[in-house]
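**Student:** Sequence:
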Amino acid sequence: MERDEESVIVGSVEENELMVANVPHRAHNVCGVLMGLYVITAPADDSLKRDLAMYELFTAQDPQAKYFAVFARPEVSKEHACESFAAHLEVLKNAEGDVHLPTLTVAKPLKKLFFGLDYVQQGEHDADWKRPAMIVKMPGQCVFLVSLRTLSPTGNVETWLALAVGLGLVNALSPLHDKGFIHRYVTPWNFMVPMPFSMDNIVKRMVIMDLSLATRWSPEMAYDAAVRFAGTVKYSSERALNRRTVGPADDFISVIFIVAELISGKLPWRAVSKIDKCAAMREKFTETDEFRRLPREIRKLYGKLCDSSPSDKPERVHEAFESALDRRTGSSLWSLSAMPAWLEMPGE
Numbered sequence: 000m001e002r003d004e005e006s007v008i009v010g011s012v013e014e015n016e017l018m019v020a021n022v023p024h025r026a027h028n029v030c031g032v033l034m035g036l037y038v039i040t041a042p043a044d045d046s047l048k049r050d051l052a053m054y055e056l057f058t059a060q061d062p063q064a065k066y067f068a069v070f071a072r073p074e075v076s077k078e079h080a081c082e083s084f085a086a087h088l089e090v091l092k093n094a095e096g097d098v099h100l101p102t103l104t105v106a107k108p109l110k111k112l113f114f115g116l117d118y119v120q121q122g123e124h125d126a127d128w129k130r131p132a133m134i135v136k137m138p139g140q141c142v143f144l145v146s147l148r149t150l151s152p153t154g155n156v157e158t159w160l161a162l163a164v165g166l167g168l169v170n171a172l173s174p175l176h177d178k179g180f181i182h183r184y185v186t187p188w189n190f191m192v193p194m195p196f197s198m199d200n201i202v203k204r205m206v207i208m209d210l211s212l213a214t215r216w217s218p219e220m221a222y223d224a225a226v227r228f229a230g231t232v233k234y235s236s237e238r239a240l241n242r243r244t245v246g247p248a249d250d251f252i253s254v255i256f257i258v259a260e261l262i263s264g265k266l267p268w269r270a271v272s273k274i275d276k277c278a279a280m281r282e283k284f285t286e287t288d289e290f291r292r293l294p295r296e297i298r299k300l301y302g303k304l305c306d307s308s309p310s311d312k313p314e315r316v317h318e319a320f321e322s323a324l325d326r327r328t329g330s331s332l333w334s335l336s337a338m339p340a341w342l343e344m345p346g347e
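Take the sequence shown: its position 21, counted from the start at 1, is 20 in numbering that gives the first Met the number 0, and no numbers get skipped.
Heads up, some of the hints might be wrong.
[To be verified] In silico SDA-like pairs for lysine to any residue, Cα to Cα no more than 20 angstroms straight-line:
#: 1; residue 1: LYS65; residue 2: HIS99
#: 2; residue 1: LYS136; residue 2: PRO108
#: 3; residue 1: LYS48; residue 2: VAL142
Calculated directly from the structure, the hints in this document are not laboratory data.
Model the full structure from these sequences, guided by the hints.
**Tutor:** Have a look at this one:
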């Protein structure tokens, strides 16, 4: 996609000069119309403070479609925002047609942001850089994967459902690895599930929403150097926490942590924020109840992934999850069209 530096996405809301109160320049106050076509209707239902903010959009040209705007948060430094945006955009441009990624519609800079609060609307003061932005199209209405735990009355989910989520995450990440990228930011807040909740949507149509830490990967690269930590303290692998170069296996280790959290309702290090302490706790993960509750196929897979080199592309990851699912559900897996009662949406 050619980038036209002269074309800009501009919020069209006019600033009311009669209003003297300052509107806080925060991500949740951003408003306006982008390109004269896309109305910002709301921030994404997202509790994370990312480098890139996400907003739901509406356009009269395609009123039934679900569009998102993705651009640098007002609170984030220019350096961090540009780095995250470039990583996100590179993957979308190189993985066109992947059903597990949003469809890139346009990528152009924002000349100026507009903010609104209590009927007061103001333009950004002294905007000194063209904020990178993109508009993406989603495959219908989606919700963040983290909704599973927040909707559950017990804080955890059935083992078969957690395994289905794991398989869906593996299916979403594998094409990314095939195209020469690793994600490094695998969390329930960075993946979305198309509505309604169903086995088909969870296993086959999981969408990767945040690619801001994605980076190139190749089996031929050298993997013996110390690196800057990139990831999350809660879900990153021990190798990542020890600031070593990571590979596809580390993405899948993060998937197993998500599955363990779904089954048990927590991870052993949930209250720990220090990277070094979390790395030490990863060494003893296999001794915890959270690990023991995992099906044996996933426990065995975890050991293999931890022993893998970052230059390796792990094999039989799908098979491990499918085998565990088959043992839990038998041949009835794809007949499980009904989700648990607590996941049923209004009107279903």
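**Student:** Report the numbers of all earlier hints that the structure fails to satisfy, in ascending order.
**Tutor:** none
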